[in-house]
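Student: On the provided structure of chain E, position chain Y as indicated by the hints.
Single-letter residue listing:
Number of protein chains: 2
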Amino acid sequence: MKITMAHGSGGRATTDLIAGIFAKHLGNQILDKMEDSAVIPGAATIAMTTDSFVVTPLFFPGGDIGKLAVCGTVNDLCMSGAIPKYLTCGFILEEGALIAEIEQIVLSMANAAREAGVIIVAGDTKVIEGKGGIYINTTGVGFMPANALEYNNEPAIRASNCKDGDVIILSGYIGDHHAAILSSRMNIKNTIKSDCAPLCGITKALKESGVKIKAMRDVTRGGLATVLNEFATASQCGITIDEINIPVSGQVRAFSKILGLDPLYMANEGKMIAVVDRKDAQKVLGCMHDSPYGRNATIIGAITQGCKDPESQGDGGVGTLTTPPSPWNKDDAVAKTVDWKPTVILNTTIGGVRIIPELYGEGLPRIC
Amino acid sequence: MKITMAHGSGGRATTDLIAGIFAKHLGNQILDKMEDSAVIPGAATIAMTTDSFVVTPLFFPGGDIGKLAVCGTVNDLCMSGAIPKYLTCGFILEEGALIAEIEQIVLSMANAAREAGVIIVAGDTKVIEGKGGIYINTTGVGFMPANALEYNNEPAIRASNCKDGDVIILSGYIGDHHAAILSSRMNIKNTIKSDCAPLCGITKALKESGVKIKAMRDVTRGGLATVLNEFATASQCGITIDEINIPVSGQVRAFSKILGLDPLYMANEGKMIAVVDRKDAQKVLGCMHDSPYGRNATIIGAITQGCKDPESQGDGGVGTLTTPPSPWNKDDAVAKTVDWKPTVILNTTIGGVRIIPELYGEGLPRIC
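Residue numbers (my numbering), protein chains in the order written: chain E, 876 to 1243; chain Y, 876 to 1243.
None of these hints come from the bench; they were simulated from the model. Wrong hints could be hidden among the right ones.
Note that identical chains are pooled: a pair holds if it fits in a single copy or bridges any two copies.
[Said to hold, decoys possible] Heads up, simulated EDC-like pairs for lysine to aspartate or glutamate below, C-alpha to C-alpha not over 20 angstroms straight-line:
no. : residue 1 : residue 2
1   : K1158     : E1083
2   : K1006     : E978
3   : K899      : E1105
4   : K1006     : E970
5   : K908      : D891
6   : K908      : E1233
7   : K1087     : D1165
8   : K1006     : E969
9   : K1216     : D891
10  : K908      : E1025
11  : K908      : E1105
12  : K908      : E1029
13  : K1132     : E1118
14  : K1087     : D1155
15  : K1087     : E1029
16  : K1154     : E1083
17  : K1068     : E990
Excised from the complex, chain E in its bound form (with noise of 0.2 angstroms):
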């Protein structure tokens, strides 16, 4: 059985694909209303987040667009410090795309859901001409902790929190969705699986261990060198890691240095980085040691010197770096180039120093 033009014409075709597989699959007392809108419980102060998946292909080793479109939707709610409540799921079928495909993936959604602790409270169908292909867009409310908002309503888990000094943890190996992504199309045989999975029971565990983390962010297409970037330029400070505690899986070193790849521009999903204080450091290292996606995690670099001081410089920016972050001062050539930038570094394992930039460009299309 096939998705023809019908399915998508609001009219009975669709309400028998609803009642067939979504419902079936989904249900639960406030999707089963099929009302206009779910009317739901709420809270004081809530997180709200949208994503579209359009990874290909649609099943690979390690999970399917499903598990993703629930777990990359989930892990940017945890990654705002909420607890993840609602999902929406939007999907856009293509002419041709298969019903028994179709039903695979909402039961991996059902079972992702019901690990994150989310329930899907509305959806929508549409369909499309084309060659089969499914399109999934979920977006996520989940609920705020009372404390946080901090003063002048600015989020206190927020990518500008980071300060001279803090550390940088990462939650394990990295590439690993990638690698297993392009391996399904190139066809290369190896066991490499994606690492998608919900990050919501690492984020749990660090708001009951009650310590104060900066910034937080799910690292996923554009890599971990795109997330230090972003922070970087948030905070407007410098970030050096080290590339010999990067976590790369054997397979996943093999694998991209044959196609040439750097694994920090490599897509995941079920990995986070955490900005906190030094005199934090061991007991998120703990938390996320305890969950099964978070066992490999490890400091790998610090905020530098040149970080934004709001009390010292008032409302300074780029221009008020007071001393360039060191590696600056070798290669007077490097620096000319860079403008004084908030700038990620890598010391390299070989004993050299690198500027790692922003993705620009491709990465790897339809990743997640």
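Tutor: This is chain Y only, laid out in the frame that chain E set:
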């Protein structure tokens, strides 16, 4: 300038697209933070809905996909009795999509959001291969009034609330959106415009009037026939409407006659029906007539006998209709085929009686 796969990479090209178009036109204090989730004030009870838009052509008389994406989701929130507050938007762009067109669409979204009083708090962009198509998911959160839930946690406004004798009020002419899209596609010259509009002004007035709305729904793809069938099924009741009272503009009437279309199944994007007690009908009509989007509101029919009565019939369902709706008595052959299911009946202008089944199959593909 066209969209390339690089715009979906999550790297620099994505960032540039976001800064250059999305943040520029949709920017607000919350969206500008660019965190994984928006952290926003909530409410004790919220409404949540999702909708994807795949309309073609992207621009049509009376609107475009951007206006549609905001109005559609805002209207779904309104129909639950919520005050629309936050939207997220997820763009799926096909390679080759024109950046100038995306900007025009985003501008439309900004304007529609302003009119509807909502802000866009989170966004996402993905790129797929294709022929320049643009697809938009919008997901909305609204705040519910304190009395939004009744005993048993049931929403106060719901499709299953219709009772024998209630009247059905339609907010204006039907078929305009459908006819406008089809005219565009077939290059037919006329002045029909889509009715695409936010209905929050009407629902706000209804709320302030204190009138008790039993069921309320916007009339979109699938048309009036589909919504009425949903109400009949949910409430296990009969519905009778009078063709002579159903407002269809002269141009749409002529257009649909030539093409053999039935306005009852034609899509709308700025129309709603409300089911209320007979004594409240004039108050509801007053609220609608005061809005630019409800000037032609009218009573189109009523809920009929056979209505399920939870007080007297326990958990009765399809089989418990006490009296068959009167039309059956006239024609035993019809009665046998419909098996006493909740049914929508049309009294035709020429004095006949017609069953109006749910839409099965195509409708018009990609109408919204």
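Student: Does each hint fit the structure? Answer for all of them.
Tutor: Each hint, compared with the structure:
no. : hint             : verdict
1   : K1158 with E1083 : within (11 angstroms within a copy, 53 angstroms between copies)
2   : K1006 with E978  : within (18 angstroms within a copy, 28 angstroms between copies)
3   : K899 with E1105  : between (41 angstroms within a copy, 19 angstroms between copies)
4   : K1006 with E970  : both (6 angstroms within a copy, 15 angstroms between copies)
5   : K908 with D891   : within (16 angstroms within a copy, 41 angstroms between copies)
6   : K908 with E1233  : between (45 angstroms within a copy, 19 angstroms between copies)
7   : K1087 with D1165 : within (18 angstroms within a copy, 53 angstroms between copies)
8   : K1006 with E969  : both (6 angstroms within a copy, 14 angstroms between copies)
9   : K1216 with D891  : between (56 angstroms within a copy, 17 angstroms between copies)
10  : K908 with E1025  : between (38 angstroms within a copy, 14 angstroms between copies)
11  : K908 with E1105  : between (41 angstroms within a copy, 12 angstroms between copies)
12  : K908 with E1029  : between (36 angstroms within a copy, 9 angstroms between copies)
13  : K1132 with E1118 : within (15 angstroms within a copy, 71 angstroms between copies)
14  : K1087 with D1155 : within (8 angstroms within a copy, 55 angstroms between copies)
15  : K1087 with E1029 : within (15 angstroms within a copy, 40 angstroms between copies)
16  : K1154 with E1083 : within (17 angstroms within a copy, 55 angstroms between copies)
17  : K1068 with E990  : within (19 angstroms within a copy, 47 angstroms between copies)
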